[in-house]
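Colleague: Take the two lone chains and join them into the complex the hints point to.
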Amino acid sequence: MRFWRKVIAITWKDTLSEMRTREIIFSVLVFTLLVIVIFNFAFVASQETMVLVAPGILWVTFAFAGVLSLNRSFILEKEEGCLEGLMVSPISREVIYVGKMLGSLLFLLIIEAIALPIFAFLFNLAVLSLQLVVITVLTTVGFVAIGTLFSALAVNTKAREMVLPILFLPIIAPIIICAVKASGLALSGEPWSGLSPWLQIIGAFDAIFLVVSFLIFTFVIEE
Amino acid sequence: MQERHTFRIGLLGLSFVLMVAALYLVFIYVPPEKEMGIVQRIFYFHVPLAWVAFLAFFIVFLGSVLYLWKRESKWDVLANSSAEVGIVFTTLFLITGSIWAKPIWGVWWSWDSRLTAALILWLIYIAYIIVRSFATEESRGARFAAVVGIVGFIDVPITALAITLWRTQHPGPTIFQGSLSPPMMLTLLVCLVAFTILYCLLLIQRVSMKNDEIEISRLKELGS
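As you go down the protein sequences, you meet chains A and L in turn. Residues 1 to 223 in the working numbering are what the first sequence lists, from first letter to last. Residues 1001 to 1224 in the working numbering are what the second sequence lists, from first letter to last.
Treat each hint with caution, since some may be false.
[What the hints assert, rightly or not] FRET-style restraints, in silico, Cβ to Cβ: (1) 1208/L <-> 50/A: 30 to 40 angstroms; (2) 49/A <-> 1027/L: 28 to 38 angstroms; (3) 1136/L <-> 90/A: 45 to 55 angstroms; (4) 90/A <-> 1193/L: 52 to 62 angstroms; (5) 200/A <-> 1032/L: 51 to 61 angstroms.
[To be verified] Pairs of lysine to any residue, SDA-like flavour, derived with a Cα cap of 20 angstroms: (6) 158/A <-> 1030/L; (7) 158/A <-> 1141/L; (8) 78/A <-> 88/A; (9) 158/A <-> 1011/L.
[Said to hold, decoys possible] Output of the computed footprint for chain L on chain A, the stretches with three or more beta carbons under 8 angstroms from beta carbons of chain L: (10) 103-116; (11) 159-166; (12) 174-187; (13) 191-205; (14) 212-219.
Note that these hints are calculated values from the structure, not bench results. Every residue gets a Cβ at the ideal spot worked out from N, C-alpha and C, and that includes glycine.
Extracted from the complex, chain L is given alone in its bound form (with noise of 0.2 angstroms):
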């Protein structure tokens, strides 16, 4: 017990100084981009939070099939956190990517292929968190959630193929294509790790809030 808290203390403080160095090098380090200037640093979250939004459904995919599986309560518990983490960053990577669009663009939002496919995207995992509050046991409604998860993890590459061939604007993977500065390489490795760390942090949280709810429950019924 006392190892596990010092661990979660330990990545709650890699996680602070990650943040403040990430920040540091978003906002003073990096030099403005020469043609979206200062806007185009908030591709600096934008990108880490959409990696992390994809991570975190990944991890709900993983949870959701071990679950149905192993049949451990534990899977459903990581399945359900990630999900719920996972809604927050794409929330966020869709008003971040929303700002940058303004200025941008000229319009907060576009029906182009990323955007459209996080929308979705979004949804689903809605529905995954809705379906689970109207199932009427709890072990069915993480059977159903677990069902959701998986379909969902699956739609996301037809949807995506789906939207691209429809049409696209969003800017291409400069990422991958050398096109980025040394010092905008690094600016961006350190806030993608630094926002990697920070759902480690949050997952970890929210799992062992899950696990001393169903401790308490399960302490409850024993004492009623």
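Extracted from the complex, chain A is given alone in its bound form (with noise of 0.2 angstroms):
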């Protein structure tokens, strides 16, 4: 348990300083609408064929939004030398994986639970079905997962915020293709028998992905 008492801690930390700098989640969250608002200009749609588009637009949104705010995640760590505060504090990487984890996960679902209703507004469009959180949950973890994996490694690099866009979008491929048409699936009404084979290959990627990243992480920030 003392495991978990040290991840709450880290997460709790992000969350402490984001209730008080509110740089992740306010300036995430206007880039969200911009995108909302650019996709609108980039198909003229009408209610039909808004029905088609509007799950690719969601997802790269919630895409895009999640390389940004990750990549934020590590950033603030290392600007003020905190990410060195951390390794040498007394735990393991493996805790400070979660728990930065964690906490990602939690802005980026905040930040998903204003954009959707708002997505729903704008396009007029029936998002705020059970199903619909379900795969905005799954996939989220997914970003998450993978993200901060990466997000840690490309702030060691020279172009930091160029790395994680690089690695991650190619990564999660597979889980933007299967949110994308399970939001298609549930947008139109289909029960849960014909969303669940797109929903096993998120949850596999989630399981998969979060041990790989729990046993990697250590080599992305030794020394």
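Modeller: Structure representation (structure tokens):
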């Protein structure tokens, strides 16, 4: 249980700093809104075509939001030398990974919880179903599982902001495909049984990359 | 040193002979396929290229795991070299695939399952090379690249699964269905062996070049 106490301490530290600075959630939320508005110009959409392109817009937006907020997650640590502080503190690297991951998960879920209703409102869609919430949560877990690993890696390179999207986007391609497809089915009123193969792949991705990232995170931030 | 040199020359000769044999089999010996005609011959290059690309990325994965485990730079050199060769072969098999697709499907590119998976694979290993060049020190770059090499390879089956469920129009694995006539099978097998030997040759060459580079920079540091 000591493991989880330390994990919670790191997540709490991130949450506290976010509550005081409002650096990640607020700016990423504004960015998310901007992307949705820009997409509105990109597709001349009637109500029928909207149902077809909406899942794509939604997940491209969330993937970009993920890149942005995950990047901040470790850049903030790096800027004030906090990463060194974390590394000399008597906790294992795995604790840092899980703690940072839960923090990022929390922020992204808050961003999505605000962005989804706005999305529904602006595009006149019924996106607020239990199915979409499940898809969103599962996919976001996948995002942060792999994103936290790559964010810690990217922050130690020369071109920090560039490296994360280059690594992150091709790796998350399979869950983006599944999330888009499952959201499309959910929007067209498909029952759970139709969604389950897609949800299974997302779940498998989450499980595999949580374990793999947990195991190799230590190699990313050693020294 | 001398032995290694002879071995490499031998491999070069073997690769040359096999390649010539493969060319003869593909262009003269094997009968054209009855529906697709002459275009189908690109299949004998396309499949071995794909196989070698996959083999190369598997070697990247192994090299990466061994590097993180043992911390010996030879594993990193192996993984890095194999990734470079793998990218070349992936590029070639994307190109040969496109050349085949144009007359058969009528388009250069379709977002079919295997094409998409191959493209994503290609992008992942481009990222593998980029990460190394963005690292501030060499040992750090090697470690980061190894992490990408492991994660990237594990991602491949999931990507394949997701995209297959998504859509597919690529011809199925004909090799295992027994729909290839014996001359076609023979041609394919010779091509597979020829390209695998070529891969080994390129890999050995690249590894020894990288080792020389490391040796030279070590000597330079001693001199300065």
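Colleague: Take a quick look at whether residue 158/A and residue 1141/L sit within 20 angstroms of each other, Cα to Cα.
Modeller: Distance ~11 angstroms between residue 158/A and residue 1141/L Cα, so the pair holds.
Colleague: Taken at face value, is the distance from the CA of residue 88/A to the CA of residue 78/A at most 20 angstroms?
Modeller: holds (14 angstroms)
Colleague: Residue 158/A and residue 1030/L were given as a pair; does the straight-line alpha-carbon distance stay at or below 20 angstroms?
Modeller: Violated, at roughly 53 angstroms.
Colleague: Between the stretch 103-116 of chain A and chain L, are there enough contacts, at least three residues with CB-CB distance under 8 angstroms, for the coverage claim to hold?
Modeller: Since 0 is below three, the answer is violated.
Colleague: Are 3 or more residues of the stretch 174-187 of chain A near chain L, judged by a Cβ distance of less than 8 angstroms?
Modeller: Coverage by chain L holds for the stretch 174-187 of chain A (5 residues, Cβ < 8 angstroms).
Colleague: Between residue 49/A and residue 1027/L, is the Cβ distance one that fits in 28 to 38 angstroms?
Modeller: violated (49 angstroms)
Colleague: Given a hint of 30 to 40 angstroms, does the C-beta separation of residue 1208/L and residue 50/A actually sit inside it?
Modeller: violated (58 angstroms)
Colleague: Please count how many residues of the stretch 212-219 of chain A have a CB within 8 angstroms of a CB from chain L and say whether that reaches 3.
Modeller: This one holds; 4 residues, not fewer than the three required, reach chain L with a Cβ under 8 angstroms.
Colleague: What's the verdict on residue 158/A and residue 1011/L, does the C-alpha distance respect the 20 angstroms limit or exceed it?
Modeller: violated (40 angstroms)
Colleague: Between residue 200/A and residue 1032/L, is the Cβ distance one that fits in 51 to 61 angstroms?
Modeller: Violated - the Cβ-Cβ distance for residue 200/A and residue 1032/L, about 43 angstroms, lies outside 51 to 61 angstroms.
Colleague: Measuring from beta carbon to beta carbon, are residue 90/A and residue 1193/L in 52 to 62 angstroms?
Modeller: Holds - the Cβ-Cβ distance for residue 90/A and residue 1193/L, about 56 angstroms, lies within 52 to 62 angstroms.
Colleague: In this structure, is the beta-carbon distance linking residue 1136/L and residue 90/A contained in 45 to 55 angstroms?
Modeller: violated (27 angstroms)
Figure legend: structure checked against the earlier numbered hints; hints not met, in rising order: 1, 2, 3, 5, 6, 9 and 10.
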